[in-house]
Structures are given as structure tokens and as C-alpha cells.
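Sequences are here, hints too, so could you generate the full structure?
Quick note, the sequences are listed as chains R and D, same order.
Sequential numbering of the first sequence, starting at 1, is according to our numbering.
Sequential numbering of the second sequence, starting at 1001, is according to our numbering.
Just to be clear, a hint being listed does not mean it is correct.
Unchecked claim - Partial list, computed: chain R residues near chain D (C-beta under 7 angstroms):
id : residue
1  : I53
2  : G73
3  : Q86
4  : W91
5  : F104
6  : W108
As the list claims (entries may be wrong) - 30 angstroms max Cα-Cα, derived BS3-like pairs, lysine-lysine:
id : chain 1 : residue 1 : chain 2 : residue 2
7  : D       : K1282     : R       : K107
8  : D       : K1504     : D       : K1351
9  : D       : K1010     : R       : K136
10 : D       : K1351     : D       : K1282
11 : D       : K1316     : D       : K1504
12 : D       : K1351     : D       : K1283
13 : R       : K107      : R       : K129
14 : R       : K136      : D       : K1316
15 : R       : K127      : D       : K1245
16 : D       : K1351     : D       : K1245
17 : R       : K129      : D       : K1010
18 : R       : K136      : R       : K150
19 : D       : K1010     : R       : K127
20 : D       : K1316     : D       : K1283
21 : R       : K150      : R       : K107
22 : R       : K107      : R       : K136
23 : D       : K1010     : D       : K1283
24 : D       : K1316     : D       : K1351
25 : R       : K127      : R       : K107
26 : D       : K1282     : D       : K1504
27 : R       : K150      : D       : K1282
28 : D       : K1017     : R       : K129
29 : D       : K1282     : D       : K1316
Unchecked claim - Some residues of chain R that are not near chain D, with every Cβ distance over 12 angstroms (derived):
id : residue
30 : M135
31 : V223
32 : T278
Think of the hints as simulated: they come from the structure by calculation, not from any bench.
Glycine included, each C-beta is placed from N, C-alpha and C at the ideal position.
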Amino acid sequence: MTEAIETQALSKRFRRVHALRSLDLAVPFGAIYALVGPNGAGKTTLIKLLMNIIRATSGEATILGIPAPQISGRAFTDIGYMSENQELPEWMAVGQFLSYVAGFYPKWDRALEAELVRDFELPLDRKLKHLSRGMKMKAALASALAFHPKLIVLDEPFTGLDPLVRDQLIESLLERAAEATIFISSHDLAEIESFSSHVGYLEAGQLRFSEELSSLTERFREVEVVRDSPAPLPPSTPASWLHVTDTPVVVRFIETRFDSTATDSQVRNVFGRVRDVTFTPMSLRSIFLAIAKGQRGATR
Amino acid sequence: MNQFLHILRKDVRHLWKEILISWCLLGLFVWRCIPRSQGEFTAMAFLQVSQELVALLLTLSWWTLIIRLVQDESLVGHRQFWVTRPYRWPELLVEKIVFILAFVSVPLLIAQTLILRLNGFAALPYWADLIRMQASLLVASALPVFLLSVLTATFVQVILVGLAVVLYGVVQSALIAQIPNSSMQHASSVLDLLSGAIVVGVVAAVILVQYARRRILLSCGLVLCAALLLALFDLVTPYERLIAKEFPRVTPPRVPLEISIDTARPSQSVFPNSGRTMKEGKKTRITIPILASSGDPNEIVALSGIRVGLNVPDGKSWRSNWLPTGGIVVVPNSQEQFTFDVPTDLYHSLKDTPVRLDVELASASYRRLQLWKVIVDASEFYAPRLGVCAAASFPTDMFRCRAPIRGSWLMLGMVTSSESTCSRSEKAPSTGITGYFTSLREDGVHSLLNPVVEETVGFSIYGVRQSEETWKLHPRICPGTPIHFSALTMVGRESTFHSFEGVKLAEYADQRGLVGGSGGFAVMLP
Chain R
1 MTEAIETQAL SKRFRRVHAL RSLDLAVPFG AIYALVGPNG AGKTTLIKLL MNIIRATSGE
61 ATILGIPAPQ ISGRAFTDIG YMSENQELPE WMAVGQFLSY VAGFYPKWDR ALEAELVRDF
121 ELPLDRKLKH LSRGMKMKAA LASALAFHPK LIVLDEPFTG LDPLVRDQLI ESLLERAAEA
181 TIFISSHDLA EIESFSSHVG YLEAGQLRFS EELSSLTERF REVEVVRDSP APLPPSTPAS
241 WLHVTDTPVV VRFIETRFDS TATDSQVRNV FGRVRDVTFT PMSLRSIFLA IAKGQRGATR
Chain D
1001 MNQFLHILRK DVRHLWKEIL ISWCLLGLFV WRCIPRSQGE FTAMAFLQVS QELVALLLTL
1061 SWWTLIIRLV QDESLVGHRQ FWVTRPYRWP ELLVEKIVFI LAFVSVPLLI AQTLILRLNG
1121 FAALPYWADL IRMQASLLVA SALPVFLLSV LTATFVQVIL VGLAVVLYGV VQSALIAQIP
1181 NSSMQHASSV LDLLSGAIVV GVVAAVILVQ YARRRILLSC GLVLCAALLL ALFDLVTPYE
1241 RLIAKEFPRV TPPRVPLEIS IDTARPSQSV FPNSGRTMKE GKKTRITIPI LASSGDPNEI
1301 VALSGIRVGL NVPDGKSWRS NWLPTGGIVV VPNSQEQFTF DVPTDLYHSL KDTPVRLDVE
1361 LASASYRRLQ LWKVIVDASE FYAPRLGVCA AASFPTDMFR CRAPIRGSWL MLGMVTSSES
1421 TCSRSEKAPS TGITGYFTSL REDGVHSLLN PVVEETVGFS IYGVRQSEET WKLHPRICPG
1481 TPIHFSALTM VGRESTFHSF EGVKLAEYAD QRGLVGGSGG FAVMLP
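Spelled out as C-alpha cells, the structure:
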């Protein structure tokens, strides 16, 4: 078992809607894996399949070596799951809720619980139904972390939270990162960019790519080429170049297989003599936008 | 085990208000079941209603408790927090069952024991019956609500699905009523056993599927399939054959019932004519006066159903379906009548033609066994098999008795005016009037809640319709009046065939026109 989460040709169909199409995913142990994609991409469906909340139409998935359809009962002692729209027992006070949940986990850490309560500033005697959305999310997260799970699965945990609460949650997650694999879905790139080790991009039920964040940011560059004199764009450009635009002298594109030496020589091969070539690192957001535009362009 | 107790503690903490309400209502129910004083017997109708209202509220409180209990870990939907926690479903299911036993069944058992004690009966001899009552209550009341709760996520959904189930029941009953002979009591068939097995099996399967897998579509599919299958069973049940099995044709020389057309009586219905002119319907009601006697003076006969046939000399014939009917033949040469409906077209074509009338009567015969006498007391008095009895006032023709859970209750009671101890002015003007009380119930327990069965023992003269003057014919009971009781044992259920030649339907047509669609039977003293 080398992967914390692994899926093979995983598909889910809701009547005529294909929510997931033959998804192959691998999340290595110890990773902080961010699954990103627009609303309706299939992120929540994938997580529900992994958590055995719903069943796949076809394909296989294993979580911590256990087939997803067998994830229940004892298997959840190693999995901390939280979702943005989870229904909590709202009649309980925070303290009651944590005590109740603690009873299900042999490895529940009271000290860690106290630490999380303190860090999150949770009011133990207040009922969940009287808490704000952010506080509820904190209570849910505390209940999903205090037993040292091997895998933490979070479905859109930061949606609708103010930046302060979001940062608190992220900080808490990072403190757990050493002992757990974290799988987190989000439609907001900015919120996961700062701490993810791996990233996957899901769109229309298909995984467009899945790789380490460092390798992703390494291989994407905004390239600006300043030519000596105005000239038409060559009829063909390398396939790894996206969104090639030109003005009479300046050509801009996004290189998806960046290597400083190789890309530089490739530019010179295509354009001949150039006055200047600049390679600008891209933010994750810019990379995703570029990919998304590229995919949509290809689809059209 | 730890998890079981952990969830149980949580449920108790969450549902303590519902538990408390149900316990308060249970306390109120016990209070309502405390025997009333003599004076309060006059308010019996009011008390009955109140007790029923409390019982209804109590049942509703239990249903609420069960629904909230099950839906606290809702089995429908994808967003419940507990679904992704290390719940072990067998322990969760067992916890729900134990909760119901602990907070519904056990308190009820204690309450029932208390009710028995407060009514002056020892509880210990009836523990097996009490446990049986609990089991019946769980199957009849708790299990359906539990089933609805595992298939729904909210209280409103339970109500809507419950209404759908009621609607299904109404539609199914209406459809069954259209099937010939279906309304008559009949022997159970393989299909009945299969239906029972399907209901129990599907309920158990759905609950297990929901707890183990939460497959709502599969569960709903199972329920729908079962509902369709049960409706299909009702359609294909061979009712006529089962009636023949339940009431086999009597074999000579046994003659359980003798009947003849009562030519001395007017041929009109004995019911007073309302004087209204009814619009002619599709069917015409025929009412034929009859003299009926039990074939054996030691037996009384209870009628269950009737089927008639009309045969015309030219070969034309018509036969009705089996129709349920009531009536008990207690005394010889009882005046009675039977009533049936014939298509109006047929009636008009045959009304003046002498026809042969074939009558099949389905009945149950009971033999009188040992006799015992009870002397009525001014206060409470004990009557064997009836329990503790008391009358609201004297003179009377009825009193009420309360007894612990009964088994079968087959008995005949008689009181004659010649033995009445009432003063002359209180006695009925006629002498030699005998009032009869019959109880032919084979299933004794009437309530699943109250272990003390309260019965009205009323003496009446069979077949006399109530009018302003008939009260004079009722026997009067006063302190010291003896009442004679006989235990009855069932001889058997059987059907008898009777044939009458030369009957002209026009002489027996009910002048009020058609009323309903059932047969009828009544007996009058000569």
C-alpha cells in the first residue's frame, strides 16, 4: 500500500448526468492533496464515494488500503471527515458534542481536544445550533482531528468563512500534517495554494491533472519573447505552449513544460533571433486559469 | 457494548422530554384505569372517551419518541455527521431496540401490573399474557412506526408516508370489497401465511438494509414490491373455496339449524317503514320472515353468512355471493328474517313468478356446558369468568364487569322476570320474560394497553326492535336476583342448505327500496 487514496476508472452517474468519468487518482501518504475545480466539477461526489456515503457506478477506490464500499464502522477510527454542509447534532453543546464523538475513538486525545478548543476559541457550553457557521466548522474540525486520524478528508471546509477563521483552520491542519495525509477539496485556489503539497484539477467529472504542487509551479511559466523586428507568428508552435498571443514584436505564451535551458533554446529555434526572453513564474491561480481556458478552448 | 451504552446515554439525554411526556401520559392512563365507584358508573360513557383519548395521546407520544429516536441517526440522506463516524450498525440498531423496550415496553409493563393491582387482581398469574400483549403492541404499533422512520429523514416525511400507507390501505380495502365473497369470514390460506411472512420479512429486511447499508431506493423498492404482492394475493385468493373450507356443508343426521318461512307474519320488512319514497335503484331488497330453531336444544347458533339462489321453472337461475350477517339463535322457533338484494331487472322479471328459493347459511354452533348461578349484590359482586361486577343503579337490565386479560370468552347468561327480586312496581308487566346475554368472542384481549377488560353484561330479548314500549319486556335485575350462566364450547362451523318452493318475490320486496348490499338476520321471541 503506497497510496493513502487510490481510484481506478472510478465513475459515478446520476441518471443521465455523469458526475465522474473514469477517474484515476493517487494520493500518496503524507501528502496535503488539494482537489480543485469549479462548482459542479464532481469534487463532493468523489469525496462521498471515497467515504462510502454513496456508491460508485463503476470503478474502484481504496482508502488506506480498504475498498471504499467497505469503509464503515471501525475504518472511520483512522479517517477524519468534515464537510461544509454536514448536519451536526445541533441540540448538543460543543462540549457535549466533543465528549460524545470522543466515545467512538480509542485514540481520542483529550489534550489535543483541549488544545483545539483553546485554539479555535470554542464555547463548550453553547449549543451547536446557536453557533455561527465558522464556529460550527471549527467544532466539526476539532472533532475530526482530535483522534489523530491517518487521513483527513475535508470537503470545501473554508467556504463562506472569514479569512481569520480560515487561517485558524489551515494552521491547525498544518500542525497535523506531519502525522496525517490530508485530502481537501476547494473551488478557491488561493485558499489552498499556500499549504498544499499536491494538487489535482477536476473539471466536468474528469481529472485534468494531478501532481505535486512544486513540480506544477516549476513547469509553468509565462514567457515573453521580444523579437528584433516585426514578423508573423510561425505556423506551428510546440504543443506545450498555451495561449500564444503576439503583437508585431512581442510574443507571449504559457509554457507548460518549462526547463530554463530547453525552453530558451526552443524559443530561439521557433523565432530565430530574439532581443529578449523572460520567464515569469506563475501563481497557481494563473496556472489553473490557463489550463481551464485551454481545456475549454480544446473542447470548443 | 461500550458504543451501545454510549449512544443509549446520548439518546436518553436528548429525548428526556419525550420520555417524560410519555411517562406522564402513562401515569394518567393508569389513573384512568383505576376502578370507579358506583356513582361514577353513570358517567361511564364520559370515562370511556377519556380513557380512549389518553390511550390515543399515549400512543402518539410513543410514536413521536420512536420517530425522533430513529431519526436522531437518520438513515436517509448524505449529510449526517454520524455516517462518517465509527458507528457499528449492529450496536446502533440494538441500541434503538433496547431504548424502545426500556422506555416504552418496560414502563408499560409496570403500569399494567399496577393497573391489575389497583383493580384488585394479582399480576403474577398474568405475566405471560402481559408479555404477549407487549409483543403484540410492538408488532402492531412500534414496528410500523420504526419502519416509517428508517425510510424517512424528517417528522413531516413520516406523516406524509404514513398518509400514503393509509391511502394504500383504503384503496386496497375498497378494491377487495369489489371481489365477490371477500367480505365473508374464511379459512386462512397459504396466501395468508405467505402474506404474513412477506410483511414480517420485508419489514425486517428493510430495517436491516437501512442500518447496514442505508440503501433507501432498495428499501423503498422492497416495500413497494411487498405492497403490490399483497394486493395481488388479495386478488387471487379463492374466497369461495376458503369459505367452503371454513364452513363445510353439514352432513346428516346432524341438523344444526332448522328454518321455515314464517307465513303468520306480514311479508313486509319488520323494520318500520319510513314512509319515504325511494328512487328505484339497481338492486331491490328482499326481506323474508323466517322461524328459526337450533337443531339441538343444548346448542345456540351464531350466523356468519348467507347466500341465496333463485330458481325459476323455465331453468333460469340466479345466485348471490356470500354476504356476512349477524344473529344468534338462542331460543326455539325464533322469529327472524333474512335479507338480500337482487338486481332490479331480475326482480321485475321474476316478481310474480313462483320461484324456488335456495338459502345457504354459514353458522357456528356452540354447546352449553356447566351451569352456574350468580346472585346480584347491591355493591360489587364476583361472578365466575366475568370478574368483579357492579350495576350503576337498580332495577337494571345490565351491569359492568371487569376482569384481568381474558382468553376466549364463550358464555350464555339468562335472567328471567319470574326470579326477579325487584318490587312489583319495578318489574316488567309481562311475566316469564327471559333476557339473554351472549358472548361468543374467542379472542379475549381487547386492548393492547389495559390488561383489565371491562365489559357490559346486558340482557336483551332477541329480535325485538327498540321502541317506546319494548323496555317493558326487558327483565329487571335487583339485588338478590339470580342470573344463570352457561359456559359454551364451539361444536363447529358449518353451512346448511334450505330450499323453499313457490316463493313470490313481490310479496317480500322491501317497499323502502334498496338500502345497502348486505344480508341480514334477526331473531324474535315468539
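To see whether the hints hold, each was checked on the structure:
no.	hint	in the structure
1	I53	holds, 5 angstroms
2	G73	holds, 5 angstroms
3	Q86	holds, 5 angstroms
4	W91	holds, 6 angstroms
5	F104	holds, 5 angstroms
6	W108	violated, 11 angstroms
7	D:K1282 to R:K107	violated, 79 angstroms
8	D:K1504 to D:K1351	holds, 6 angstroms
9	D:K1010 to R:K136	holds, 20 angstroms
10	D:K1351 to D:K1282	holds, 15 angstroms
11	D:K1316 to D:K1504	holds, 15 angstroms
12	D:K1351 to D:K1283	holds, 13 angstroms
13	R:K107 to R:K129	holds, 28 angstroms
14	R:K136 to D:K1316	violated, 83 angstroms
15	R:K127 to D:K1245	violated, 65 angstroms
16	D:K1351 to D:K1245	violated, 34 angstroms
17	R:K129 to D:K1010	holds, 17 angstroms
18	R:K136 to R:K150	holds, 23 angstroms
19	D:K1010 to R:K127	holds, 15 angstroms
20	D:K1316 to D:K1283	holds, 18 angstroms
21	R:K150 to R:K107	holds, 11 angstroms
22	R:K107 to R:K136	holds, 23 angstroms
23	D:K1010 to D:K1283	violated, 64 angstroms
24	D:K1316 to D:K1351	holds, 13 angstroms
25	R:K127 to R:K107	holds, 25 angstroms
26	D:K1282 to D:K1504	holds, 19 angstroms
27	R:K150 to D:K1282	violated, 79 angstroms
28	D:K1017 to R:K129	holds, 18 angstroms
29	D:K1282 to D:K1316	holds, 20 angstroms
30	M135	holds, 15 angstroms
31	V223	holds, 45 angstroms
32	T278	holds, 49 angstroms
Of the numbered hints listed earlier, those contradicted by the structure are 6, 7, 14, 15, 16, 23, 27.
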